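Peer 1: This is what each chain is made of:
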Amino acid sequence: MKHYDAVVIGAGNAGLTAATALQRGGSRTLLVERHNIPGGCATSFVRGNFEFEVALHQLSGLGTEEKPFVMRRFFEQLGVMDKVEFIQEHALYRLVVPGELDVTLPASWSGIRRLLQSMYPAESEAIERFMLVCEKVTLESFMTLPQASRANSEAMLRSMCPYYLQYGFRPAREVLDEFFADARLKNILATYWLYLGVAPSMLPFADLATMLYAYAVFKPWHIKGGSQAMSSALVESFLEAGGEVRFNCGVEQIHTADGRIRGVSLEGGERIACDAVVSNASPLITFNELLDLERPPAKIRQDFKSRRMGTSAFVIYLGLDCTPGELGVTSASSFIYETLDEEQIHARMGSLEPPLGGMLTCYNLEDPSAAPAGKSQVVLVCLQYGEVWKSVSPDRYAQTKYEFAEKLIAVIEKVYPKVRQYIEEVEVATPLTMMRYLNTPGGAIYGFQQSAQDSALLRERLDAVPGLYMAGAWTTMGGFQPTYMAGESTARAVLKQLKARKSEHV
Amino acid sequence: MSEQNALNLIAGYPEAAAAKLALEQNGSDFQEVRGEVGSTVVQLHPKRLALRVATIIEDTPSTRTLRLVAADGQALPPFQAGQYINLFVEIDGVHTARPYAISSSPVQRMHYDLTVKRARGGFVSHYLLDHVEVGQGFSSSGPMGTFHHNPLFHGDDLVFLAGGSGAAPARSILLNIFDRGLPQRLHMIYLNSHVDDVIFADELRELARRHEHFTLSEVISRPPAGYAGRSGRLNRSMLQELLGEIGNRMFYICGPTSFNDSCISLLGELGVARRRIRVEANGAPKAPDEQHGWPEGVSLDDEVQITVQGRGRFRSKVGEPLLNALERNGYFAENACRSGECSLCRVKLVAGSVFNPQEARLRTSDRDFGWIYSCVAFPTGDIEVLL
Ligand SMILES: Cc1cc2nc3c(=O)[nH]c(=O)nc-3n(C[C@H](O)[C@H](O)[C@H](O)COP(=O)(O)OP(=O)(O)OC[C@H]3O[C@@H](n4cnc5c(N)ncnc54)[C@H](O)[C@@H]3O)c2cc1C
Ligand code: FES
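Protein sequence lines, in the order shown, are assigned to chains W and V.
According to full-length UniProt numbering, the stretch in the first sequence is residues 1 to 506, in order.
According to full-length UniProt numbering, the stretch in the second sequence is residues 1 to 387, in order.
No wet-lab data here; the hints were simulated from the structure.
What you are looking at is a predicted structure, and each value in this text was computed from that prediction instead of being measured.
Every residue gets a Cβ at the ideal spot worked out from N, C-alpha and C, and that includes glycine.
Mixed in with the good hints there might be a few duds.
Stated by the list, open to error - Okay, derived cross-link-like pairs now, SDA-like style, lysine to any residue, Cα gap no bigger than 20 Å in a straight line:
1. V:K348 x W:S369
2. W:K390 x W:E343
3. W:K390 x V:G155
4. W:K305 x W:R129
5. W:K407 x V:G155
6. W:K401 x W:A464
What the hints assert, rightly or not - Chain V is nowhere near these chain W residues, computed Cβ spacing over 10 Å in every case:
7. E76
8. M119
9. P121
10. T210
11. Y213
12. R260
13. D321
14. Y422
This is chain V alone, in the form it adopts within the complex (with noise of 0.2 Å):
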């Protein structure tokens, strides 16, 4: 500043320009950060990781466990048991991902298990069963969700539903229990159809041998004649007989949507509060014309036009998520949760209409402004959206 700086005048502001001056001699331009946003960053939330199968662990007839490593052979970012990377895949030329719980245990970081289990009608569970090999490459998303256990308000009494595949994620919060010796008492209430079926079986089945705090009850819902175990649908009185006095336990639910939203209901006939419950996301409704709202007369086999502002249009089906749809015709959007949570699918709607299921977890301004997410949107007529 000149010397006639009229601002002198300003009683501190002499003071406050020689302190200017001062933090300039001892101070940096900033060169010596460079970079280090991005490299802090990537340690903790890295947008996409690099990955390899290193093994491939046949659990049931019908699943199997996909051990996958970082390319480049060095530890994976940490995550909280319970959370999901959302793995991209390349299938008939078609480019798609699909979220995956990490069933293996935080407390080693050298890989990431993922437990896929066949899905009746499915696409990318089929294909991660019967075409991955060892060593092949894959990208992913960084780990994410929010189905984990929160020392802040979940407690130490903790009871986990699942269901099937909703192992996985069940898996991986007991290990870390174990691994890390934390003080956490769990009570899994485990259902699955077949006897066959059971992942993790052996292994849990000795963990509940072994430790005090885990105590596990499988429940068999289409036993084979002469069963002896646990058996039937999971009803009130059975789930009051597993669980016993409610206390102020926190129950984690993972399982098809089904078996969710019976779960739910039932904790609740037993008095459990509704805050006192979390649930795994599960992708887009299946039957989003069984919901309240669905418009009259659209049926799901509907055909309708959807047009990519500036970019094209092609034919599709109401029934079919909009961002399966786009990414069935070349088009992409960024996504991970594919169930309506995390809002990275979010395009503008400039045309038409869709239906947001109650899964569309929207925020109000999203409504107001036209905004939808994609993974879990349905087109109920022709509609044009923008990218």
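So that you can see chain W by itself, here it is in the shape it has in the complex (with noise of 0.2 Å):
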């Protein structure tokens, strides 16, 4: 029986970056994918002369080359820095609510401010403060909520974050509305919650105060070759330190002996040992299907009782005979809304009703090598909780599935009335192609719902198996850039105890 270390379950953002960061840190490590590709939401296809980024709308937490921030030194500690090329986005996005709303922010945290002063001159005091907050409780969250956490202190707490404090855990809706009294205001400041899929009014405020700052300050960036191409280079570090990888093959069996991690079957029946299993598939997965216990632990358990499904999404793919000058496009992340009620659009997301809201992202705008020459990339997206998909039969799938598409395409052409006159190239995914391609169920893409009980804050490891660890969505906040982080430091945590189980073996 082959031996390694570590055996990395999915090559997910997760998975790559732990596998990447645990051969690096001198552990020898398999890295196991069912399917043909690296990267798990992180990936492309190829239709025709067209290349369709599957997932990454906008990268966070890189900064400026003037100006870096965490992701770049990130990504040169594991070895990719030299192998991708990022482009940056000039705007956050365009929210428009036809007859109601039509408006750009800048990816600048001063235009920002000035482009919304000029247009509610009234209320430019309010959102003077409401900013200083959003920067505020950004810069705790992340330099000093952590520690104080981990010291479990209140005097910690009161002087290093007062601002989370005040505001960290309410919901995004109550702060808005204690600071604003223009609806629509409101509206543009809390666009980021499609992007999540969770309502203004379930949304902790410190998620959507990091986004906007984030995004605004560090700028919103796309990966040449697309997200693709960071998997890609992030499996090139991981063989060059030493890795092994196996593409076409799924983890069936994780095996424990005496409580704790032995090993793993791969399909096709062969059996590794191994000392540490890191997964990046779903901790139900991982625990009900695939871990050889009956009963996963009552730890586990009890966690999994808290957690509520999280959202997939309904993703139209669109390679246009057009230029992104002929369809109208501007920027490239639009989100266009029916209706001003948020509630009503997340309401929407359960349903195979016409979706309420949606966005477009046109990836050539400002990188023209993502179409070819005259072409135009460009991705339709409305989040949906996958369990409508799960009623609907085999035999209805595929008209469903275009019904649907219709359905969003209506809304988008509202705003960009050409996109369907230049198709050239489409394909559809529902949250049941999530599903099948993530292995997750209802085709979650972020994980659980990430309502302010999912928070990490109020959770703890799911550590309850010796040498399982998990990464990704699941057990972080989801998105590329926490879940590139939350596998870089599992990998730190099982190399520390690996570490420490070969020194009790000397």
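Taking the hints as your guide, dock the two standalone chains into a single complex.
Peer 2: See the structure below:
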């Protein structure tokens, strides 16, 4: 039987950074992926002359070359900084509610302030204060909160995290109501809720504040060649360090003996021995299906009971035979609402009724290499919960998918009326598609639902089985930056434990 | 959490903790959805199907249809008319596979028909035509491929240009229209070399007689003496005459590579936008050395050595697609389209170089990091790969 120090199950963002950090940290690592290509969500596929980005709309945390932020160092340390190229987006987003509102926020903190103050002069002072609160809450949650919370110290919280104390866990809706009178201004500032699929009434204010501030200050980015390029670069770095990878190969069981991890069985029957397993697969699959225990440990089941299934996505990938200009696109990311009422938009995410909101990303507006000359790569998304799709019979699946796609296109068409007439390639992904490629219950793309109760500050690590580690969207916030970082920090914990075990044995 | 949790100072935190407790009271440990992902996905996209030959239909002297049913007698997964399955076979100890379009209607799911025409110099088609018997078992991929009607932009006015066995997906698309009573009209322009080689001839002619929305135009390129029907090569004027006004029709092309290429250029000359033309994949190119970028001085017959990292090495020919060479030497790589489209056969090129023909739909990052699609990769010298 082959033996490795660690086996990583799944080559999604967290699996890739975990495997790379483990191998580079000196632990012999096997990375196993069911699919034929690395990335999980962070992947691309080709149709005709187009290569479609599957999931990355805006990468956060990079900062500019002059003012770098955490992710530059991070990628540097994983050995991929010289293997990928980043492209900056110059606007945060355009929000359009036809007949009501049409505004484009620049990717600049002071620019946003100036724009909003000129649009809503009566609320000028509130805007000033609100933006200060966003900034402070973000900085505190990155810099001081982790320390204060580890120390469980009221004094530290009071002195080091005053803004977080006042606002952190309150619903975003409530905080916006406290600051502003104009409903549209609140819509503009809350727009990012649509990325997360958690309505402003349920979204912890800190999550919204962090997104807004971090994207504006550290800028939104794309990756040349798509997020697939980063996934492939991480595999390259992993292989260079001596790691071994298997694609088209699922893990079918995780073996324990005497209460700790001993190895895994692979699709096809081969058994591998190892001291640690990092699972990038959903903890629901990991504990309820892969682990060889009759029932998962009580602590894990307890944690699961307070979780709710997170959102999936319905996505239309469009290769258009026209330029972004001809389509009328002026910023890479647009959000389009049918109504100003976000709660209604959110409620629709659980049904097959026409969506009330959607987004459009045009990848070649800022990166001409993202589409053939004269053409456009455009992706339409509305987040959806997977539940309703499970009841669609296989016979009706294709038709249901096209019918729903028509409904989403109808929303987008109100702002970009030409989106339909230039179609050259189209692919539609439903929550069931996500389920197929990610192996996640409900086709979830961010793991569990990210309302306040999901926060890591209310949770303990799912570490009831020694040697088994979880890394991915399910045990941290979903999205690119959080999952990249979660994999690497999990690897650090594993390395520490492996080292401790080795010294025990000598 | 303990009672002296300092985080309770954070506004909203106690409420969130209480909400978490409340959820815990009526929540579940998700045991009830155990296995659900697998069982949901497998209904739509099984990785493998276990099939059995139920009937064999002799179509023409060079073609027969294998009617395949599920080994367990259940309904097969749904598919979109025009899609294919990849059929795995073992011939003389070699494990390989070939994709075949499903020629039956997607409306009935008790069987898939695969219509197999003898391919000159072929390996698998001979086996399927000469050695397969009723009752024999096969394994295949699930239905795959993007060569099907897409209601989001194809419209209802369709033209199918079929050459020889290209009639297989055309038949499925046609039956789907009739069986579901769809509003589409289809004009099938059907080319064959010889009169005795026309697959589904009687059935298609009968359907054309009965259905106003289906037009059949047959062309025989090598007619016997005194043949009264339309004959000769498909050229611009013949196509123009058959099509009339181009309008906003959607064109589907499926046949031998040379046929596909000539149809694309003829349609272009007639003013059809490239985005209104869909072409079915067609395996690895037979003459990669005629494509742009082929390295000078390398011939298809040159011998090369292929090393599979950590496992072994063997000799092969430049002109043999890497996947086939691997299979002939006892190695396996997952595959489905065998035409450079699905990327399932992706392997890493560790050393040496291969020619990636235009058929290879590589991702940008595959090129950058040396990943190749083995089904359409031609080793132009000694190489080492990682499976
Ligand atoms: C359409 C879409 C749009 C998105 N937009 C954004 C966005 O704009 N910004 C953003 O930040 N985030 C976005 N996300 C979310 C983000 O991509 C994810 O939250 C993140 O990539 C999840 O990473 P992960 O590490 O949890 O792994 P996942 O991507 O979930 O990958 C898990 C991997 O594990 C593999 N696996 C599972 N089970 C097994 C097994 N038994 N054996 C072997 N392998 C297994 C799977 O095949 C998969 O490759 C989007 C996602 C999607 C799908
Ligand atoms: S088998 Fe599909 S690309 Fe090779």
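Peer 1: For each hint, tell me whether it holds in the structure or not.
Peer 2: Here's how the hints hold up against the structure:
1. V:K348 x W:S369: violated (24 Å)
2. W:K390 x W:E343: violated (24 Å)
3. W:K390 x V:G155: Judged against 20 Å, a Cα distance of about 29 Å means the pair is violated.
4. W:K305 x W:R129: Given pair K305 (chain W), R129 (chain W) is violated - Cα atoms ~39 Å apart, limit 20 Å.
5. W:K407 x V:G155: At roughly 17 Å apart (the allowed maximum being 20 Å), G155 (chain V) and K407 (chain W) satisfy the hint.
6. W:K401 x W:A464: violated (40 Å)
7. E76: At about 18 Å from chain V, E76 (chain W) clears the 10 Å cut-off, so the statement holds.
8. M119: holds (29 Å)
9. P121: At roughly 30 Å from the nearest Cβ of chain V, P121 (chain W) sits farther out than 10 Å, so the non-interface label holds.
10. T210: holds (15 Å)
11. Y213: Consistent with the label, Y213 (chain W) stays out of reach of chain V, its closest Cβ about 18 Å off (over 10 Å).
12. R260: holds (22 Å)
13. D321: violated (5 Å)
14. Y422: Incorrect as stated: the minimum Cβ-Cβ distance to chain V is 7 Å, not above 10 Å.
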